[in-house]
Amino acid sequence: MKISIRLRLLIAFFCLAIVPLLLVGLITGRQSYNTLKNTTLKLQAEMGQAVLNKVTAFFEEIEGELTLTGKLNMLLKEYQAVQYDTMKLLMSKDVYDKLVVIDQKGQTKIYLSRLGLSSADKSDYSGDDEFVQTMKSGEVYYSPVRFEEISGEPLMSIAVPLIDLRSGIKEGVLLAEVRLKKIWNLISEVKVNPGQSVYIVDASGKLVAHRNPSLVLKGVKFDVPERDGIYAGLTGERAVVVVQRARLGKEEFNVVAEQTASDAFALAINLVRVISVLIVIALLAAGALGFMIVKQIIQPIHSMSVTAIAVSSGDLSQRVDIKRDDELGVLGATFNSMTAQLKTLIDNLEQKIIERTAQLKDAQAELLRQERLAALGKVTATIAHEIRNPLATVNTSIFSIGAALEKNQTERIMRALGLAERNIRRCDNIITELLDYTRKLEIRPSNVHIDRWVGRVLDEQTFPEGIFCRRNLSSGIEMRIDGEHMRRALINVITNAVHALSEEGSPGKEMTVETARSGNNLEIRVIDNGNGIPEDLRQKIFEPLFSTKGFGVGLGLSITMDIMEKHNGGVDVRSKVGEGTTVVLWIPLDEK
Amino acid sequence: MNDMIAAIKKAGIIFCIAVICLFSAFGVNDALAKIFTIGIVNAVSNHIVTVDGFKAGMAELGYVEGKDVKYVDDGLINDVELIDDEISKLLSQDIDLLLAVANEPAIRAKKALGGTDIPVLAAACMKMIETGLVKNLKHPGGNITGVRVAETTSKALEWLVKIIPNARKIYLPYNPDEDVSVISLPELSKTASQLGVELVLHKIHTVEETIAAIECLPGDIDAIFRIPSQTLSPRNSELSLAAIKRGIPIGASLPQDEAVLVTFASDRFEIGRQTARLAHQIREGVKPSDLPVETAEAFLTINLKTAEKIGINIPYDILMQAKKIVR
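The listed protein sequences correspond, in order, to chains G and D. One point on numbering: in my numbering, the residue at position 174 of the first sequence is 174, and numbering is uninterrupted. One point on numbering: in my numbering, the residue at position 274 of the second sequence is 274, and numbering is uninterrupted.
Any given hint could turn out to be false.
As a list, the in silico BS3-like pairs of lysine-lysine whose alpha-carbon atoms are at most 30 Å apart [unchecked claim]: (1) G:K218 <-> G:K93; (2) D:K169 <-> G:K218; (3) G:K206 <-> D:K34; (4) G:K191 <-> D:K135; (5) D:K135 <-> G:K182; (6) D:K127 <-> G:K93; (7) D:K169 <-> G:K122; (8) G:K191 <-> D:K34; (9) D:K138 <-> G:K93; (10) D:K305 <-> G:K221; (11) D:K190 <-> G:K122; (12) D:K162 <-> G:K218; (13) G:K93 <-> D:K323; (14) D:K287 <-> D:K245; (15) D:K34 <-> D:K190; (16) G:K221 <-> D:K127; (17) D:K162 <-> G:K182; (18) G:K88 <-> D:K323.
FYI, nobody ran anything at the bench for these hints, they're computed from the structure. Just so you know, these numbers come straight off a predicted model, no measurement behind them.
Sequences are here, hints too, so could you generate the full structure?
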């Protein structure tokens, strides 16, 4: 993915601005969190312990009062009126909702009620836990917390045994219904911080005391956690919760101190908030500054980039528009200067190219003229050479005819005429050959059975005495060729082979003409066992007007090559000096 | 160079605007905090103390009058028939909460505000279920809650009988048109029977009629017992003085005035303070239906001055049970 310099610079700005703040925030926030959590746990534990101490003292005082009153009642058991007075003293405390003295059989002896009439509303306690358990154990009994039906206020029964001091016999029970509402005041007295609260729940998790009585009266429940930590608090909000457990007789109650996490970790939260705000500010500042600065840096670079592309495309008139005196300004000015220099250089170069091209054209024209003159000279020399000889012979023949006429030597005249005629025909052939070479070659193909066609061409040939031609025509190919032109090409090659075999010192006098399929080509091979062609000459044999023979224009193989190329084929020559030469005329078969 | 300086200046301006926006956003809530407007309707002179207690309680909870809280309080409504008009007037003043002191204003406030979202706090009411103020004390329902006085009528009568152990006939004036009075009578008759005394029930409609009755009470009446009454409460002290003049002790189940010999009732100022705590919770967003009706603490008050005036000696075993003794 292509990331622009602008984006890279902006990312760098953001990273530089935010990453350090983020790291500091994370580390500081984490440390603050741990410290605050431990501190809060400790503070809650202290507060819970303080409340626990107060509550324990509250119950100890009640237990003490009831025990003392019980003993007094035993001392004064003969004086029920006095017993009443001691009970009335207790009732004046407003902590007790009811006070009942129960005899050994579980029947009410004395009954006092805070709101009800002092005539007992219940006379038989013999089956109640308060009586049975106390009588059985001889110890103070604490009942589970119950909630008053109408007001919803919590109550707890505490029963102390009435034991005869002399006999030790349990003679009854002093039962007190204690108003736990009084503990609310104890809790209200505890100074709490915002978000902090302390409350008491019974073993079933039901709220017994809280500084907000509405919660108790509503019957709110709280699942007391096994361990101190961060849990959903009483209101459901996350809080640091510490639990102090205590027992009253067989009953367990829990003093729970909690501090809402939002308040406990206010410092850490504020820190995170401040850092967040700083990050946002840094982000905005980095964004704004980065944008501006990047704009200041990137815009000239972008301008230079666009101009450079235009220059590279050939528009050297483009200039960078940066009017600044800093490094980028210098860069822009230098760039413009380089472009101007480049334009001057290219302009000069172009001028020189034009001049040099004109000179080259002149030189080429001169060279062409010279080549033409040279070719003309060569053609002239060849023609002159080839024609001069027959012409000389004709001249001589005419002279011989003249001399023979004077002497009336008919036979000599006839011989001279024959010689003159042959040499005139030779001149005509030379001129025809030259005309053919210069004429545009047009191919008119027709369907030809190659083997038969080659046979016919060979049949037409007259081979010099002593030269033997073998045939191996077995290609079986029928294809479209220009028979007339191909005949010319084949005869040229055969003629060259005959000449080679006719040379002095030729190791053999035999030639073979073959037709064959080779790969996808038709090959017509003319093989002689003459002297062969030396390597240095083999390169030139296809050049026009090249000939190693003492006669001929030297156009035969050149014309042959031209004909084969017109058939999309070619001519291959393989030759070894002293062994012979193989000339292959080949035409691709798929070409019609 | 100049371009760079201009760019930095631009960035600086953007930065400042962003900072101002961020910090101004933090302070918006405070500025939008609405003052807590509480309407107060009270038709009983003795309950002026309750209203004072309520305001004191609010102050203890941090509410500054005029800044955090505004009281729309026209003072005591002397005529019961004007209570409805007063409630309508309070409602027209865009109140957030209505404090109705005692049963009659509370019943009328509940009726008037039944179809609204305005919470009603009923203070110092008795028999709230029986009078239809709430369905259930733990879950009041509707838009009303409050602080009730405990069911102390029977106990108050018992205390009167304990102080006057030889009493046989006890005079009880009541207005038959007042539910709050009539509703106590069956239980009270039963209690009287248990205590071995006879209640002499007398239907009255005005204070004057009652004073005249007290002045003409027959000689076998041993004591007078007072129960809550919208008709009689505004002029309690006149009734007490009339009784003292006749040398007849008065007992009551509600704090009447300092001339009453014995009361077993709640402290009105404390009821007000207790009610303020509920008002605070409502302000914090708790629905009245989620706030259980609280019960005010009741205690014994004995007036030794009155006892001396009418020549009654109150034994120590009773005095030691009194939380408040007027000497």
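Cross-check of the supplied hints:
1. For the given pair, G:K218 sits about 26 Å from G:K93 by alpha-carbon distance, which is consistent with the 30 Å threshold.
2. Simply put, D:K169 and G:K218 have alpha-carbon atoms about 43 Å apart, too far for the 30 Å limit, and the pair is violated.
3. Our distance criterion of 30 Å between C-alpha atoms is broken by G:K206 and D:K34, whose separation comes to about 36 Å.
4. Using a Cα cut-off of 30 Å, the hinted pair G:K191 and D:K135 is violated, with the two alpha carbons roughly 36 Å apart.
5. For the suggested pair D:K135 and G:K182, the alpha carbons sit about 27 Å apart, so the restraint of at most 30 Å is met.
6. About 26 Å separates the Cα atoms of D:K127 and G:K93, which keeps this hinted pair within 30 Å; it holds.
7. Between the alpha carbons of D:K169 and G:K122 the distance comes to roughly 28 Å, so the proposed pair stays at or under 30 Å and holds.
8. Note on G:K191 and D:K34: the hinted pairing holds, with a Cα-Cα distance of about 28 Å set against a maximum of 30 Å.
9. A distance of roughly 27 Å separates the Cα atoms of D:K138 and G:K93; the hinted pair therefore holds under the 30 Å criterion.
10. Restraint check: the Cα-Cα separation between D:K305 and G:K221 comes to about 49 Å, which exceeds 30 Å; the hinted pair is violated.
11. Distance restraint check for D:K190 and G:K122: the Cα-Cα separation of roughly 17 Å lies within the 30 Å cut-off, and the hinted pair is therefore satisfied.
12. Between the alpha carbons of D:K162 and G:K218 the distance comes to roughly 37 Å, so the proposed pair goes past 30 Å and is violated.
13. Annotation: proposed proximity of G:K93 to D:K323 holds, straight-line Cα distance about 9 Å (limit 30 Å).
14. Proximity of D:K287 to D:K245 is assessed by CA-CA distance (about 50 Å); at most 30 Å being required, the pair is judged violated.
15. The suggested pairing of D:K34 with D:K190 is violated, with an alpha-carbon distance near 52 Å, which exceeds 30 Å.
16. Taken as a hint, the G:K221 and D:K127 pair is honoured in the structure, with Cα atoms around 28 Å apart against an allowance of 30 Å.
17. Restraint check for D:K162 and G:K182: the C-alpha separation of about 27 Å stays at or below 30 Å, so the hint holds.
18. For the hint pairing G:K88 with D:K323, the CA-to-CA distance comes to about 13 Å; that is within 30 Å, so the pair holds.
Of the numbered hints given earlier, the model fails hints 2, 3, 4, 10, 12, 14, 15; all others are met.
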